[in-house]
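> Sequence:
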Amino acid sequence: MQKITKLCMSAVLTTSIISGYAQIKGIEKVQAKEIEKPQREDRKKVEAQKIVGKYTMPDEKSKHEGTWLQWPHELTYGSKYQQEVEPIWIQMTESLSKGEKVHIVAYDQEEKERIIEVLTDQGVNMEKIDFFIAPTDDVWARDTGPIFVYDNDKNLKILDPGFNGWGKKTPYKKDARLRENLSNQLGIERINWNKFVLEGGAFELDGNGTVLLTRSAVTNKNRNAKLLEKDIEKYFSELGVTNFIWLDGAPNLDITDFHIDGFAKFHDKSTIITLKEKDLAEWGASGKDINKLLQAKDATGNKYKYVYLPLSKNNVTLKNGKKLDYKGSYINYYIANEVILVPNYNDPNDKIANEMIQKLYPDRKVLGIDVRELYKNGGMIHCITQQQPINLK
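Note that the working numbering has the sequence shown beginning at 1, numbered continuously upward.
Careful, some of the hints might be misleading.
Said to hold, decoys possible - Derived lysine to aspartate or glutamate pairs resembling DMTMM-like cross-links, with alpha carbons at most 20 Å apart: (1) Lys292 x Asp248; (2) Lys230 x Glu204; (3) Lys101 x Glu84; (4) Lys269 x Asp298; (5) Lys278 x Asp325; (6) Lys359 x Asp268; (7) Lys323 x Asp268; (8) Lys319 x Glu84; (9) Lys234 x Asp151; (10) Lys288 x Asp298; (11) Lys393 x Asp151; (12) Lys157 x Glu204; (13) Lys195 x Asp153; (14) Lys365 x Glu338; (15) Lys319 x Asp370; (16) Lys292 x Asp370; (17) Lys221 x Asp248; (18) Lys313 x Glu233.
Don't read these hints as lab results, they were simulated from the structure.
Since this is a predicted model, take the numbers as computed values, not measurements.
Make the full structure from the sequences, and use the hints.
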């Protein structure tokens with residue numbers, strides 16, 4: 001079966017090559033100290049949030065209980081696929097386990113035992129690693145893994161929107177049942193949103209009432225034919241959202257129909273991390289969407305500040321020398337308790353992006369992970385991770 005490509009990247013990029021990128025000092029003068037508020041103790045942070053909806057989805061940089069990973073196996077795309085990408089999971093597990101638990105979803109008991117052997121052979125400390133047996137189709141934990149929220153009584157719940165293979169493009173029936181499966185194993189109540197199809201990489205929250213998303217990946221008829229935009233906004237209002245930054249997106253440009261997490265994310269309640277205009281255009285964003293993104297206002301009517309990361313300088317070249325016809329994004333990074341996992345591409349701009357991201361998170365260590373073998377199948381780091389916040393009770 002042919003591998004599914006472009007699973008989590010937000011566009012099949014144009015073939016034009018951007019000649020260079022501004023260095024750090026030439027980028028928008030937003031210093032980390034100006035946008036990184038002193039962190040309060042996480043429990044107080046969550047309790048202090050204004051309760052507007054039924055549930056609160058904590059910010060990714062809030063304290064984690066752990067990170068969820070769906071381990072790559074050979075049962076969907078064969079052993080070559082597994083062997084190419086598994087080193088990424090080993091590196092993530094080793095790094096994450098130093099600061100939080102790592103919850104690994106293994107296809108079956110045999111696969112669990114194999115993973116334990118692999119990690120042990122690599123010298124990974126297994127104390128903070130646990131396993132859940134659940135059949136999966138693939139590895140995209142951001143889109144199909146458990147989405148954790150708090151209710152207004154501070155109980156941890158699992159949000160379970162529907163999943164239909166990115167608009168019925170893949171027959172991923174196992175992944176569609178994964179959240180319910182894990183909810184039962186964990187004994188954590190599941191919030192049934194199955195009538196609303198939504199992938200985790202399709203939306204970004206600022207923690208202050210605003211959501212950033214694309215119509216092409218959310219209101220698209222291949223996902224939510226029976227829902228109007230106002231119906232979808234009602235679902236998000238349960239998460240306290242009152243302000244919607246709707247970009248039109250780009251249907252059919254890639255399998256995700258242009259997920260937001262490849263090119264924009266919130267750093268905090270007042271700052272958006274994205275690409276500069278020419279890079280957004282190369283990524284596939286329309287002029288209308290670029291203007292809307294770069295002029296966005298928060299729920300109180302204030303304009304956001306911006307930090308601009310580069311794309312990779314060159315089109316991505318795989319380890320075997322084959323060149324892809326698109327560049328790599330660094331915005332699809334993952335914020336853990338002690339580390340920031342950043343997608344790297346063996347590219348001159350890796351160092352620039354890593355240093356910029358390090359300044360944004362001075363209390364964490366940036367770790368660049370070579371994702372090229374995953375990227376050819378469409379994914380980066382944020383696509384394959386899912387955070388579990390601490391239990392407040």
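> With a cut-off of 20 Å on the C-alpha distance, tell me whether Lys195 and Asp153 pass.
violated (25 Å)
> Has the given pair, Lys365 with Glu338, been kept, meaning a C-alpha gap of at most 20 Å?
holds (6 Å)
> Verify the proposed pairing of Lys323 with Asp268, using a straight-line Cα cut of 20 Å.
Roughly 35 Å between the alpha carbons, so the hint for Lys323 and Asp268 is violated.
> Given the hint that Lys221 pairs with Asp248, test it: the Cα-Cα distance must not exceed 20 Å.
Given pair Lys221, Asp248 holds - Cα atoms ~13 Å apart, limit 20 Å.
> For the pair we were handed, Lys393 and Asp151, check the Cα-Cα distance against 20 Å.
holds (12 Å)
> Please verify whether Lys278 and Asp325 have alpha carbons no more than 20 Å apart.
Distance ~17 Å between Lys278 and Asp325 Cα, so the pair holds.
> Take the C-alpha atoms of Lys157 and Glu204, compute the straight-line distance between them, and say whether it is at most 20 Å.
holds (19 Å)
> For Lys292 and Asp370, compute the direct alpha-carbon distance and say whether it is at most 20 Å.
The given pair, whose Cα atoms are some 32 Å apart, is violated under the 20 Å limit.
> Lys234 and Asp151 were given as a pair; does the straight-line alpha-carbon distance stay at or below 20 Å?
Distance of about 17 Å is within 20 Å: holds.
> Measure nothing beyond the straight line between the CA atoms of Lys359 and Asp268; if it is 20 Å or shorter, mark the hint as holding.
holds (14 Å)
> Are the Cα atoms of Lys319 and Asp370 separated by 20 Å or less?
holds (10 Å)
> Are Lys292 and Asp248 close enough, with their CA atoms no more than 20 Å apart?
holds (10 Å)
When each numbered hint is compared with the structure, violations occur for hints 3, 7, 13, 16 and 18.
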